[in-house]
Structure formats: structure tokens, C-alpha cells
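S.K.: These are the residues of each chain, in order.
Protein chains: 2
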Amino acid sequence: MERIGALAEITEEPGRITRTFASLAMRRANQLVGAWMREAGLTVREDAAFNLLGRWESKKRGAKTFLLGSHLDTVRDAGKYDGPLGVLTAIVAVQSLRERGVELPFHVEVVGFSDEEGVRYQTTYLGSRAFAGTLTTADVARIQEKQIVKARRNKNEFLGYAEVHIEQGPVLEKNNLPVGVVTAIAGQSRLRVEFQGVAGHAGTVPMNLRRDALAGAAEFILAVEALAKKSNLVATVGKIEAAPGASNVISGHTRLTLDVRDQNDARRIAAVKTLQRKAKVVSERRALKLIWTLVQQTAAVHCDKKLTQIFSQCVAQRGLEVLKLPSGAGHDAVALSAICPVAMLFVRCKGGISHNPAESVKIADAQVAVEVLADFILRLGRSA
Amino acid sequence: MERIGALAEITEEPGRITRTFASLAMRRANQLVGAWMREAGLTVREDAAFNLLGRWESKKRGAKTFLLGSHLDTVRDAGKYDGPLGVLTAIVAVQSLRERGVELPFHVEVVGFSDEEGVRYQTTYLGSRAFAGTLTTADVARIQEKQIVKARRNKNEFLGYAEVHIEQGPVLEKNNLPVGVVTAIAGQSRLRVEFQGVAGHAGTVPMNLRRDALAGAAEFILAVEALAKKSNLVATVGKIEAAPGASNVISGHTRLTLDVRDQNDARRIAAVKTLQRKAKVVSERRALKLIWTLVQQTAAVHCDKKLTQIFSQCVAQRGLEVLKLPSGAGHDAVALSAICPVAMLFVRCKGGISHNPAESVKIADAQVAVEVLADFILRLGRSA
Numbered sequence: 106m107e108r109i110g111a112l113a114e115i116t117e118e119p120g121r122i123t124r125t126f127a128s129l130a131m132r133r134a135n136q137l138v139g140a141w142m143r144e145a146g147l148t149v150r151e152d153a154a155f156n157l158l159g160r161w162e163s164k165k166r167g168a169k170t171f172l173l174g175s176h177l178d179t180v181r182d183a184g185k186y187d188g189p190l191g192v193l194t195a196i197v198a199v200q201s202l203r204e205r206g207v208e209l210p211f212h213v214e215v216v217g218f219s220d221e222e223g224v225r226y227q228t229t230y231l232g233s234r235a236f237a238g239t240l241t242t243a244d245v246a247r248i249q250e251k252q253i254v255k256a257r258r259n260k261n262e263f264l265g266y267a268e269v270h271i272e273q274g275p276v277l278e279k280n281n282l283p284v285g286v287v288t289a290i291a292g293q294s295r296l297r298v299e300f301q302g303v304a305g306h307a308g309t310v311p312m313n314l315r316r317d318a319l320a321g322a323a324e325f326i327l328a329v330e331a332l333a334k335k336s337n338l339v340a341t342v343g344k345i346e347a348a349p350g351a352s353n354v355i356s357g358h359t360r361l362t363l364d365v366r367d368q369n370d371a372r373r374i375a376a377v378k379t380l381q382r383k384a385k386v387v388s389e390r391r392a393l394k395l396i397w398t399l400v401q402q403t404a405a406v407h408c409d410k411k412l413t414q415i416f417s418q419c420v421a422q423r424g425l426e427v428l429k430l431p432s433g434a435g436h437d438a439v440a441l442s443a444i445c446p447v448a449m450l451f452v453r454c455k456g457g458i459s460h461n462p463a464e465s466v467k468i469a470d471a472q473v474a475v476e477v478l479a480d481f482i483l484r485l486g487r488s489a
Numbered sequence: 106m107e108r109i110g111a112l113a114e115i116t117e118e119p120g121r122i123t124r125t126f127a128s129l130a131m132r133r134a135n136q137l138v139g140a141w142m143r144e145a146g147l148t149v150r151e152d153a154a155f156n157l158l159g160r161w162e163s164k165k166r167g168a169k170t171f172l173l174g175s176h177l178d179t180v181r182d183a184g185k186y187d188g189p190l191g192v193l194t195a196i197v198a199v200q201s202l203r204e205r206g207v208e209l210p211f212h213v214e215v216v217g218f219s220d221e222e223g224v225r226y227q228t229t230y231l232g233s234r235a236f237a238g239t240l241t242t243a244d245v246a247r248i249q250e251k252q253i254v255k256a257r258r259n260k261n262e263f264l265g266y267a268e269v270h271i272e273q274g275p276v277l278e279k280n281n282l283p284v285g286v287v288t289a290i291a292g293q294s295r296l297r298v299e300f301q302g303v304a305g306h307a308g309t310v311p312m313n314l315r316r317d318a319l320a321g322a323a324e325f326i327l328a329v330e331a332l333a334k335k336s337n338l339v340a341t342v343g344k345i346e347a348a349p350g351a352s353n354v355i356s357g358h359t360r361l362t363l364d365v366r367d368q369n370d371a372r373r374i375a376a377v378k379t380l381q382r383k384a385k386v387v388s389e390r391r392a393l394k395l396i397w398t399l400v401q402q403t404a405a406v407h408c409d410k411k412l413t414q415i416f417s418q419c420v421a422q423r424g425l426e427v428l429k430l431p432s433g434a435g436h437d438a439v440a441l442s443a444i445c446p447v448a449m450l451f452v453r454c455k456g457g458i459s460h461n462p463a464e465s466v467k468i469a470d471a472q473v474a475v476e477v478l479a480d481f482i483l484r485l486g487r488s489a
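Residue numbers (the numbering used here), protein chains in the order written: chain Z, 106 to 489; chain B, 106 to 489.
In short, the hints are calculated from the structure, not lab data.
Predicted model, so just to flag it, every value in this text is computed and none were measured.
Fair warning: there could be bad hints in the mix.
The list makes no distinction among identical chains, and a pair is therefore deemed to hold if it is satisfied within one copy or across any two copies.
For lysine-lysine, the following DSS-like pairs were computed, each having C-alpha atoms within a straight-line distance of at most 27 Å [unchecked claim]:
(1) Lys455 - Lys394
(2) Lys335 - Lys385
(3) Lys251 - Lys385
(4) Lys164 - Lys279
(5) Lys394 - Lys279
(6) Lys251 - Lys383
(7) Lys260 - Lys383
(8) Lys383 - Lys334
(9) Lys334 - Lys385
(10) Lys394 - Lys411
(11) Lys411 - Lys164
(12) Lys467 - Lys378
(13) Lys185 - Lys411
(14) Lys335 - Lys260
(15) Lys394 - Lys260
(16) Lys185 - Lys164
(17) Lys378 - Lys335
(18) Lys164 - Lys383
(19) Lys394 - Lys429
(20) Lys279 - Lys383
Start from the sequences, fold in the hints, and give me the full structure.
M.R.: Here you go:
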């Protein structure tokens, strides 16, 4: 926790925590965390994508590598825990195993990825995708640091990847549990939905002659909420713009964003289709024009059954209820899933708040995460 | 119509029509319209509030004055008709009466008010309120041209005020009529409504744990629409801001504007109360905090029965159906009602569009307005 505090001091914006890809703040963060890695007995280097790597070599011949980690970059005006908690718990877990004289049949590499949030270039998982070799030419085209493609690693090296991360949601808190085992990282559909009506004077156009784009949007927002509840997934309208946007003018054009997520891709895609149908019905009834644009779509990533089972055993071993939950947010594990099996452990965070200075994790919960992660590596070593 | 076109060329923003209070464009507009007033035989002057006055003196001793007019300022990127149509039809009507050798038992003063839209200082009816002597100290405090208080006229001078204006709504067009007689100018309640919930991650907060301010706002927007339809008045949510306003964040705070208008003040006030109750119910059910702020409230202005009856007779005399309708928009007649009886004649405009370059009025409809207004003055002269 002291380390979390020290790391939070490193920022590119005085007075708030902001560390973006390839910034001076990220270089300094890597130096500091690298020093802690060395203290834990790891061999430290930075790769071509500015990912920080701390390696613990196994004595076993022909051993493969198990990856632990998370990211060290942040959003603007971030909290202290989103990212760093996963890197620092991994360092402490590894250090405790080394101090106990544990020898493993695989190498362990602790990674502090350089760009998960994608703040600088709007390129989510930039560091971990460079590592996994899954950057697209479009990604490389939009960044200055073209050399990051050299960070690509050989997928045959790796046994798997495990990541500790704050939940960023309220489920563990509601269930009064310090940690939870992640089953899958939700797939996501991002859409832009626009209703075009006719702008008009708020005082002179009778209600029955209106084609109010904002009223249509309001009906759609409630349909989104109702369908999400019914289908047991999450769907959100987070942004809305009603043009022209004056108190005395009926909106002629309203745009909004739609974000639908679920661990079940088929269910998510069916929900989006149903919502498109609802939007059409609303638009036709109100004589509005509907513009429906799919912005992005990513499939769900399922955590590895064996690794997840080991996490569950480690949690149960501490006398804790094993709560399995999907992750609605994306993580570096999504990028790593392209090259090896992945697993995640969530840590309770206060009020489910993240991407905010109010992010808060209890010391005792971080301690549980460290111990579960150390047990996880031990069990994995035994089972290998 | 040529004059309307010539006046539309005078603007402070090249490529679009914008004439704000005390601008060079307004000075030039007054010069041009003043020249047309002189052509009509009127004695022209500009008062301390930059209102343009064209006077036709009656020979009758102790005669009072009847006012005709509208405004010459515009919104930004305006149409050609909102305001100027009323001033120019008055000039032509007066000119035709003078050419016919008509003598009236009252003076006629045609007024081009200098600031009805209030674009420059957000001071609606600035010119006509200076004229009527109803500026508040707050109004005077926010403007540079303090001398406008000197434009105040003695209310005992005036017999009444009649204004021709485009409808700014679709009712006349729907009824296939060139003009309509205004019964009242609607009272208005303007409110700011805010819902405070809890911002959260769109992927990680389950639907049943959300306190989504935008979803609450959507429910309220539909309640506004439903109540307006049921109560036979107009109510509009034209502006909405959902904060923080990101596609992947549940809105923690949504503000919107509410505009309620009706010619019946009691009905309007009852509707606002009902909507406040609805907003409370929505907020309580969703565990949101409601902030309800009355921004402005103006009472309805009823047009004078006698003057309105004369307008109706003049319309009927032309073989036209007399459609009586309220005005949902405000007009200089509101300010003038403080010092004398007022009446208004609406002219059909294409699609009910106003405050937009697409404003359009047929030549034939403007002609009807001129003739009805001339008849109105004649009949008024006979009845006086």
C-alpha cells in the first residue's frame, strides 16, 4: 500500500494521477516499479513497447513462462489501484515465494504493461497487444513509436497469464467478499444511435404536430434499460446530445451512444438486434428518421477453466466463499488471450468506483489477493 | 416583399441574417426602414432605445395615438420575416390609407422595436419595454446603453397596439388560412430539472445496482410529453446534458430544461406542479436526487376583446374563415400590454418554421395581412 501511494505520486498532471503511454511519468513509474522488482529478485528489462518485465528463471530445462501482471498507465485523473494493484500484488507474491525458497517448473515473468487505457492514442491494450503481436497496421499507423512492434513475443513461450485487478463494480462489496474469480471478460457492442425529427418552436408547435427527436430518444433509453434487465446483461446510454439544444426549441436531431456488454456473445448480439427493432418502432410511430451505426464490436473472452479452477481452490482454501463473476470492463487479459490461456482475480473496491480519484481498496483485501496469487502459483507449479 | 429582401441584406454576419441590439446593422436597418416610412408620409425619429418611430398626426385636437409595429432586430442566422413583416405591413397599410385620403381621429405611430429577441444582452423585449417604461433596474444594470430608459412614453397617450407577425407555428398552414387572429400570448414557465444519481462503469455495474440519472431523465421527458398532450398545452424538454457524458460511463448527473406554455395561467401552473410530482416519484423510485429550479415565469397576456373583434370582422369581411389561436411565442405586444390594450394578427409561414433562414411567407398572404390591417385601422377610426 505504501508502494501504491508512492506510485500515485508519479504523474504528468500535477494534482491528479495521469500516466499516459510513453510519457516521462510512465518512464519514471517503470524505474520505480523496476526497482521493486529487483528487490524481489527479478531480472528487469523494458521491452520495445515500454512494457516493464521482471523475470524469475526456473532451473528446469526447457521450461516455459507463466505471466503475471497488469498495467501501469492510467486514465486522466485516475485512482491509484486500476492497473498498479495487479503489478504490485504480483511482485509481492513472487517475492514471498522466493523468500520461502520455492522452486517452480516454469519461469515467471511479472509484466507492467505500458498502455492498457489507450488515453494517448485511443488504442486500448496497446502494450499488451504489442507483446501478443496482435497490433493491426491501423494501430501502428496512428502512433509515433513504430518500434513497439518489436515487443512481440513468441506465443509458444507461454503457459498462461494471470491478472489481479480491482473489480470496478459493486458486486464483491454487495456480497461482502474481498476477492472474486473472473469467469469471462464481457464482449461489447458500441453503437451510435441518432433520431432525426423536425426542430420547432417550443411555444408554437402543438404536441400532436411535433416530431421531437429527444422524446423519441427518451423512449429508446427506457427500452434499453428494460431489455437489459430482462435479458440479464448490461446496456447503457451514457452520452446524449439533443440539437439544436435550446430550452425553447424542440429537438430536431438527437444522438446517443449505446454500450451493450455480456459474457455471452449470442445473447449480446440478440439484444442489440432487439434494440434496433425497438428503435425502428419508436422512430416509425413518431415519424423520425433512425440512423443506427455499429461503432465497435468485440467478442467475449472466456477465462481458462483450469486456471480459473485453481484460483477458486485458492480462494476456498482461505475459507472464503468462491464468487464467480464476469468482468464487464476490458483488461490486458483480453490481449493476452490471443497467445495463451488467461485467468483473473478481482479485488473488492469501495463503491465499485474506478477511473476516479475516489478509487479505494482495503489493505486486508490486497493482502488476500497477494496470498491467493502466491497460492495460485504454488498450486500451478505442483500441477504442472 | 422586395423590401423584405433588401432588409435581409443588412446583417452583422456576412452570409446570414443577424441584427442585434444597437449594432451597426440595426442602425442601417433603421435608416432604410426610416426612408420607407418617409415615403409613406410619416414623420420619422429614433428614440433613446433605438426604436424607430414613424408618426402620422391626426388633425383632431387632443387625439391619442394608436401603435402599429413589430421589431427589426433578429436572432442569429435568422429568417427574413420574424419582426420585419409586422413593421413593413404596417408602413404599407398606413401608406395605402393616406393615399386614399383617409383621416383618422387618432394619431398613428408605426414602431420598429430595436430589441425583441434579446440576443445581445439576453433581455427579451428590451426596445418595447424601454418604450413602455417597464425595464427593471436589473435589465438596465446589464446593458451598456443606459440612456434607453429615456425612451419611456406616457401611457395615457395610447389607445392600443396592433402587431402583425408570422405565426411561427404550423396551425394556419394546417388549416389552409393566410391569417389568424390571436386570442392571447401564452404564459410561460421555464425550469431547470436535475437528476443526481451515481456515475459508474457501463460494463461493471449490474442493472439492479444502478442509479442512472439519464434513465430517470428519460422517464421524466416522456411524462412531460404525456401530460402536455393530456392537458392540451405545450411542454418541451429542448436541452439535456448527461454528465460525465462518456459512452462507457453511467450518467451520475443529468440536467434538462423544461418549458411549459399555455394561455391559461392556472392550467400552466397546475401542469408544472403535476410534473414536479412526477419527477419526485421517478427520483424516489430510482434513488436519485431531484433538483427542481424555477428559472422564469411569465403570465399570459390576453388580447383586447374589442380590438380582437375588429380584427375578426376584417378577416371575415374578406370571406376568410376566422381562426382564433393563441400565440405560444412571446412578442412586443407582451411589453406593450403594460400600457395599453393589444391585439395581434398572425400570418401563415411555411412549415411553421421560424428563427431559421428557411422562414417563408407567401406574397399573397402578406397582401392579405396588409389589407386586413388597413381595414382594421379604418374600422377602428370609425368606431372611435
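S.K.: So, for every hint listed, does it hold in this structure?
M.R.: Quick rundown of the hints versus the structure:
In this homomeric assembly, lysine 455 and lysine 394 come within 27 Å of each other (Cα to Cα) only across copies, at 21 Å, whereas the closest approach inside a single copy is 43 Å. Taking CA atoms no more than 27 Å apart as the test, lysine 335 paired with lysine 385 passes in both settings, with 20 Å inside one copy and 25 Å between copies. In this homomeric assembly, lysine 251 and lysine 385 never come within 27 Å of each other (Cα to Cα): the closest approach is 44 Å inside a single copy and 55 Å across copies. In the homo-oligomer, the alpha carbons of lysine 164 and lysine 279 never lie at most 27 Å apart, since the shortest distance is 44 Å inside one protomer and 88 Å across protomers.
Proximity of lysine 394 and lysine 279 under a CA criterion of 27 Å is satisfied inter-copy only: 22 Å between copies versus 42 Å inside one chain copy. When the C-alpha separation of lysine 251 and lysine 383 is checked against a cutoff of 27 Å, the pair qualifies neither within a copy, at 44 Å, nor between copies, at 56 Å. For the homomeric pair lysine 260 and lysine 383, neither the shortest alpha-carbon distance inside one copy (44 Å) nor that between copies (59 Å) is at most 27 Å. Taking the shortest Cα distances, lysine 383 and lysine 334 sit within 27 Å of each other both inside one copy (15 Å) and across copies (23 Å).
For the identical chains of this complex, lysine 334 and lysine 385 are neighbours both inside a copy (20 Å) and across copies (23 Å), given an alpha-carbon limit of 27 Å. For a Cα distance limit of 27 Å, the shortest separation of lysine 394 from lysine 411 qualifies neither inside one copy, at 50 Å, nor across copies, at 46 Å. In this homomeric assembly, lysine 411 and lysine 164 come within 27 Å of each other (Cα to Cα) only inside a single copy, at 24 Å, whereas the closest approach across copies is 106 Å. For the identical chains of this complex, lysine 467 and lysine 378 are neighbours neither inside a copy (41 Å) nor across copies (46 Å), given an alpha-carbon limit of 27 Å.
In this assembly of identical chains, the alpha carbons of lysine 185 and lysine 411 never lie at most 27 Å apart, being 31 Å within a copy and 74 Å across copies at closest. Proximity of lysine 335 to lysine 260 under the C-alpha cut-off of 27 Å is found in neither arrangement, the shortest distances being 40 Å within a copy and 66 Å between copies. For the homomeric pair lysine 394 and lysine 260, neither the shortest alpha-carbon distance inside one copy (48 Å) nor that between copies (52 Å) is at most 27 Å. Proximity of lysine 185 and lysine 164 under a CA criterion of 27 Å is satisfied in neither setting, with 36 Å inside one chain copy and 86 Å between copies.
For a Cα distance limit of 27 Å, the shortest separation of lysine 378 from lysine 335 inside one copy, 15 Å, qualifies, whereas the shortest one across copies, 33 Å, does not. In this homomeric assembly, lysine 164 and lysine 383 never come within 27 Å of each other (Cα to Cα): the closest approach is 61 Å inside a single copy and 71 Å across copies. Proximity of lysine 394 and lysine 429 under a CA criterion of 27 Å is satisfied in neither setting, with 43 Å inside one chain copy and 33 Å between copies. Taking identical chains as interchangeable, the C-alpha atoms of lysine 279 and lysine 383 are never at most 27 Å apart, the minima being 33 Å within one chain and 30 Å between chains.
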